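Please build the complete structure, drawing on both the sequences and the hints.
Protein chains: 2
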Amino acid sequence: MFKILKKDGRAKRGEFITVHGTVQTPVFMNVGTAAAIKGAVSTEDLKEIGTQIELSNTYHLHVRPGDEVIKKLGGLHKFMNWDRPILTDSGGFQVFSLAKLRKIKEEGVSFNSHVDGRKIFMGPEESMQIQSNLGSTIAMAFDECPSSVAEKAYIRDSVDRTTRWLERCIKKMKELNALEDTVNPHQLLFGINQGGIYEDVRIEHAKRIGEFDLPGYAIGGLAVGEEHSEMYRILDAVVPELPGNKPVYLMGVGTPENILEAVERGVDFFDCVYPSRNGRHGHAYTSFGKINLMNAKFETDDRPIDEGCGCPVCRNHSRAYIRHLLKAGEMLGMRFMVTHNLYFYNNLMAEIRDAIDEGRYSEYKKNKINGFRMGEEGEKNV
Amino acid sequence: MFKILKKDGRAKRGEFITVHGTVQTPVFMNVGTAAAIKGAVSTEDLKEIGTQIELSNTYHLHVRPGDEVIKKLGGLHKFMNWDRPILTDSGGFQVFSLAKLRKIKEEGVSFNSHVDGRKIFMGPEESMQIQSNLGSTIAMAFDECPSSVAEKAYIRDSVDRTTRWLERCIKKMKELNALEDTVNPHQLLFGINQGGIYEDVRIEHAKRIGEFDLPGYAIGGLAVGEEHSEMYRILDAVVPELPGNKPVYLMGVGTPENILEAVERGVDFFDCVYPSRNGRHGHAYTSFGKINLMNAKFETDDRPIDEGCGCPVCRNHSRAYIRHLLKAGEMLGMRFMVTHNLYFYNNLMAEIRDAIDEGRYSEYKKNKINGFRMGEEGEKNV
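Heads up: the sequence lines are chains A and B, in that order. Start counting the first sequence at 314; every next residue gets the next number (the numbering used here). Start counting the second sequence at 314; every next residue gets the next number (the numbering used here).
Don't take each hint at face value.
Put simply, identical chains are the same to the list, so a pair is met inside one copy or across any two.
DSS-like, lysine-lysine: derived pairs with alpha carbons at most 25 Å apart [stated by the list, open to error]:
| id | residue 1 | residue 2 |
| --- | --- | --- |
| 1 | Lys391 | Lys610 |
| 2 | Lys385 | Lys610 |
| 3 | Lys640 | Lys432 |
| 4 | Lys316 | Lys520 |
Don't read these hints as lab results, they were simulated from the structure. Quick caveat: nothing in here was measured; it's all calculated off a predicted structure.
Here it is, written out as structure tokens:
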């Protein structure tokens, strides 16, 4: 299922083969929370900007329109009109971050919907059931996401529960895949490593979940506010302890620089809301760092966002026009920003894959990060 | 400049030839108020949905980003990246409807910007100057838009002033087109007929402005709330009094039925915010009338908005998906709705042109309107 084509240091160039097509790794998954990319970007657009795999959120889709509705309509692929791979998260992260008044028990978590306050219970079986209804290509195990600065004793207990929940996820997913009316009988399950910032807990957990021989493993709980150096330290410790023949997915990370550093540490899958969220606020990624299109200096700037960029927006529209659209509150401005930023991330991954293929990853990474820090005029970006 | 290819009753099939290309008439102009179609529809999308001519609003662009900025960037065509014809309104309608504390004098109108309250003066010369800076294909004369139910005496005075303003517009436009650094030296000017609901005032005014031999004539002041039968009565009276060899533009109108009726009365150009505004509120135009996608009955409806529709949205997405996007507040839902509705209007005009070409307009119109009234199930639409 996962073929490693080439290694360059710890960076891996791979192919992840699924029933919905093959993903070239390292890859950045484009986030479409509620079965849509924020910023009016369509699935047709995604193909144009090189998106290989889309990520949707189980919690959001369970709440609206409901996973039963999506199942009735033939699953998430048909619902969104997207025939390439989709990864769904477990709902766990949203339950622990969005929902109010949650209560964690061995069976799962009780909480109130952020949309209508309705009481919902979600445990490993419920999460698998919902993801099975969605019929995603890759389902994520239901885990607890404790605060990364929680006490070590709490983290240990939480990680133990996450392991027990993983066993229940595996069992349930197997049953669901075998059902006659299942949307995707080949649905894959990735396990999630937790353990906060404690290397020993992380490593012990990585070894335990590695034994389940799952098609992929994620590292969770590193996208929520810790220092970048902490994240890299944990990656240095934990990636080598996960099965070497399976893809590693670093959840919710991150900046272009984070991704470049994590690829060097052996990570294969990424997702993050930065390109769409920053885009909606006027921040564009470029080869010379981020620029804020709301800035007055772009008022009559007829250049594209990034002259080196091949995205549909840079091929057709100027900074001045996009700035005007953003200032005027025209949705089209947000669409252009998000399209450009997603292309930037997708294209960064394509460059990364080329660099690994050609055995020059470390050099590539260094130059790329230097570029980001230089600014357009060759001065330090601030 | 305007070639009449065929007449079918009073309905005309024509070609309007400009420096930015030829417009096949009757035509519906797609409204992009602030140099963008509301609902994140790009100029690339407009080409895909058969848009021949785009309309932008002088008042909005004067206030933001400023017509001087747009001139500096090479004019509105370059700014928006749209190489087909653009019509700009005169700003008059917005001044009379949006702006607060306006004061009308012979020279023009003083008012406060709706964006920042800044005091602005606009008269015929200012309107021409702004439209010249924008470099649109067709500029509209600066007119007064009195309430259609104003007293006849007021309307008479107002129409007289509108005629005097038209003379000043013609003079100013000629001067501007001759300037070395003008954006579009071939900018065309359309005159506007006013006169409220008084046939005699309308007819007298039509005759007077007809003498100026302008490249086109608009009928203003009929989109602001009067009964449809009143509008048709005025069209019956006034269209035959305008020069028969020039296109007639009915400003701000209207529903598909209004357009079908007005074409039969000799109208060639239309514009209206209905398709985009209704789209943003979940209302889709179809061959069997309007439907509201927010309606619960569409929750699991996997059919396209209109099975007979060839638009990019109907080719790719279901009612259930679009409904979900709208309910979830995803911009993509609005983009889909506006795209479909604009295609509907553009396609309606293409059908109208075919029907006139083939000399079966009256029959076509009758069947089309009957269809709108039938509803999807063949029952009366409500």
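Outcome of the hint check:
Taking identical chains as interchangeable, the C-alpha atoms of Lys391 and Lys610 lie at most 25 Å apart only when they sit on different chains, with a minimum of 19 Å there against 44 Å within one chain. In this assembly of identical chains, Lys385 and Lys610 lie within 25 Å of each other by CA distance solely across copies; the values are 14 Å between and 51 Å within a copy. For the homomeric pair Lys640 and Lys432, the shortest alpha-carbon distance between copies (20 Å) is at most 25 Å, but the shortest distance inside one copy (40 Å) is not. Proximity of Lys316 to Lys520 under the C-alpha cut-off of 25 Å is restricted to the intra-copy arrangement: shortest distance 21 Å within a copy versus 79 Å between copies.
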